[in-house]
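Student: First to last, the protein sequences are chains A and P.
Under this note's numbering, the first sequence is numbered contiguously, ending at residue 114.
Under this note's numbering, the second sequence is numbered contiguously, ending at residue 1111.
Read the hints as simulated data drawn from the structure, not as lab findings.
Just so it is clear, CB atoms sit at the ideal spot from N, CA and C, and this is done for glycine as well.
Please note that the accuracy of each hint is not assured.
[Claimed, not checked] Part of the chain P face toward chain A, derived, beta carbon under 8 Å: (1) Tyr1028; (2) Ala1031; (3) Tyr1032; (4) Gly1104.
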Amino acid sequence: NAGVTQTPKFQVLKTGQSMTLQCAQDMNHNSMYWYRQDPGMGLRLIYYSASEGTTDKGEVPNGYNVSRLNKREFSLRLESAAPSQTSVYFCASIAQGAGGNTIYFGEGSWLTVV
Amino acid sequence: SQKIEQNSEALNIQEGKTATLTCNYTNYSPAYLQWYRQDPGRGPVFLLLIRENEKEKRKERLKVTFDTTLKQSLFHITASQPADSATYLCALDETNNDMRFGAGTRLTVKP
């Protein structure tokens, strides 16, 4: 049972280049998220998908696009990378319960934009 | 403005002692609050959830309290071990689709 799998683990981009971070979950969850984590700032939500076919902006969506390809897969695209997008990116899948949601994170993707 | 503050960036304690981490928030009214553990180079892992109507919750050596009047949660690790060394994140629900995270406290337990 892999949980949440994201690729690539590490990537270096030049300013202006584009790339897509891939994410897949095998827990049959409806909701999936993309976060970025920066030193001293905690995790910030970029985009989320509450169900297959829907996507919504989170706290910091500018410069990103997402695609919910199917129930398993949720990708994050940087169309024109900027140095400010240097960060660690986490994909997450959410188990929704009556008492609250539990977040399952992937292992992270370290992105450097030079 | 809305804030989630974790008491300190780093906390060092001796093995066997109780570690206490603090999470304070302003301008939120969360229905529940969560604690996660994050090891270097890894994603956060869920530890505990406590609802607004619960004062305290325990799981093995972990204890969480939630005071909605003080707008504070305390996270305790009793009989701490070097293996407990990690960064601990608190998170609370902003809406049903958005959990907001604190910046974390890096705990080091020295043998």
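Student: Determine for every hint whether it applies to the structure shown.
Tutor: Each hint tested on the structure:
1. Tyr1028: For tyrosine 1028(P), the interface hint is violated, since the closest Cβ of chain A sits about 14 Å away, which is over 8 Å.
2. Ala1031: holds, 7 Å
3. Tyr1032: holds, 4 Å
4. Gly1104: At about 7 Å, which falls below the 8 Å cut-off, the nearest Cβ of chain A leaves the hint on glycine 1104(P) intact, so it holds.
Comparing the model with each numbered hint stated earlier shows that hint 1 is the single one that does not hold.
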